[in-house]
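Number of protein chains: 2
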Amino acid sequence: MDAPQVKALLFDVFGTVVDWRTTVIREGQAISQSTGCQVDWGQFADMWRKEGYLAQIFRIARGEQQYEKVDVLHRRKLDLLLAEHHVAGLSEEEILHFNRVWHRLQPWPDAVPGLARLRTKFLVAPLSNGDFILLTNMAKHGGLLWDCILSSDMFQKFKPNRDIYLEAAKLLDLAPAEVMMVAAHVVDLEAARSVGMRTAYVDRPLEFGPEGVRESPSKTPFDVSATSFVELADKLKA
Amino acid sequence: MDAPQVKALLFDVFGTVVDWRTTVIREGQAISQSTGCQVDWGQFADMWRKEGYLAQIFRIARGEQQYEKVDVLHRRKLDLLLAEHHVAGLSEEEILHFNRVWHRLQPWPDAVPGLARLRTKFLVAPLSNGDFILLTNMAKHGGLLWDCILSSDMFQKFKPNRDIYLEAAKLLDLAPAEVMMVAAHVVDLEAARSVGMRTAYVDRPLEFGPEGVRESPSKTPFDVSATSFVELADKLKA
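These protein sequence lines are chains C and D, in that order.
Sequential numbering from 2 applies to the first sequence in our numbering.
Sequential numbering from 2 applies to the second sequence in our numbering.
A portion of the hints provided could be inaccurate.
Given that identical chains are not distinguished, each listed pair holds provided it fits within a single copy or across any two copies.
Said to hold, decoys possible - Cut-off 25 Å, straight-line C-alpha distance, at most; resulting in silico cross-link-like pairs (PhoX-like, lysine-lysine): (1) K158 / K51; (2) K8 / K171; (3) K220 / K78; (4) K171 / K70; (5) K70 / K158.
Honestly, the hints are just simulated from the structure, not real lab data.
Just chain C, with the same shape it has in the complex:
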């Protein structure tokens, strides 16, 4: 029996679709310019991401910590980081604006043209640990033409909790095997595969910067592997 046809591509977003590190650094540098505070914004971005977000969502995904929105997780860590790095002189409105830098992340250069092609053949949507409004604002800001938004706060769960993949497929009225998860992260794809979804790995070597840690390869190959969304479109004949 042939495998069911893939009808929807669901995308991890942070790191896979958008270059969070470069955007955070750029907005941080503008803060240095206006306040005169000198900060290593690369390190700031990495800590914000790793400790303020990744560590939190993995704990929540494992059920060790209560669910909270990403905007809330980001803000808690931002307040600590601003204090640690002695960034002073920002108003509450400016801090709130900087916290929403995650709503304004720039897509990788291939993301918009690749998605435009993939969208002609497949239903395309984020399935991200970001909040619904964060992903909606980001799409509008970056010109990402999703068909719909699938977010952690819709399900009150974070990937790699398996339920979020299953609930997303259910909302799309698709069997898991009709859905392909696209991500630059092995743990995300392995969770998607464990519920029966197809998988596409997109390599993003610069996610954590030129000196940053690289994604470790998966022991089991994924269905498709590409270095950009344009190559993914080629491989999926979109």
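Given chain C, work out where chain D should sit, using these hints.
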């Protein structure tokens, strides 16, 4: 104190954005052509809409009936209507396809150009009693560039249940007063207003056909009133 600025427009869909009646009639006529069954498709469409959908969702919204997806409600009534009208010779696949005519409804002629303008100034999304995948498919089919999809099955509730308006605003991280509901139906707008949303009435005199019942005017005027999405864009300076 000035009223808060409106940031998002939420749209009723069936009747307000799309012309369900004409689309159902057109696909019904194609069935008559292929099967030879003669049917008054205008009456068929009206009964499907009124008894198979409206009567059901109002009962569910009042808590008198358990929540079910719109695709399921539509299918139950479709099976009855096909039998009543002696439509024979359709395969299960063809019936399933016809049931999904509601995923393929054509927008009113002003809807796409009006939305394109409104989208430059506001977050635009459906807030519809349709299912998530129904609205997603319809947007793709009709070229409606929503920023995100807000559907009844996300909340397991139907308008005019007040909770669905509040939960939608919460997911958008907006106060109700920052949201404007756009609809051709007074009951929808009155429920939105009751939770603090702004309201825009769009007149759709042909929703139930040239001979069909017209929407009764509201006793209290809405914030904006227009005869098309293009006029709405003019009035909202988009």
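Homo-oligomer pair classification [K171, K8; C-alpha up to 25 Å]: within (13 Å within a copy, 30 Å between copies)
Can you tell me if K158 and K51 fall within 25 Å by alpha carbon in one copy, between copies, both or neither? So K158 and K51 pass the 25 Å test inside one copy only (18 Å; across, 37 Å).
Using 25 Å as the alpha-carbon threshold, which applies to K220 and K78: within, between, both, or neither? Answer is neither; intra-copy 34 Å and inter-copy 50 Å both fail.
Taking 25 Å as the upper bound on the Cα-Cα distance, should K171 and K70 be classified as within, between, both, or neither? Both ways: K171 and K70 sit 22 Å apart in one copy and 12 Å across, limit 25 Å.
How do K70 and K158 come out at 25 Å by Cα distance, when the copy is not named: within, between, both, or neither? both (10 Å within a copy, 22 Å between copies)
This entry does not satisfy hint 3, going by the numbered hints stated previously; all others are met.
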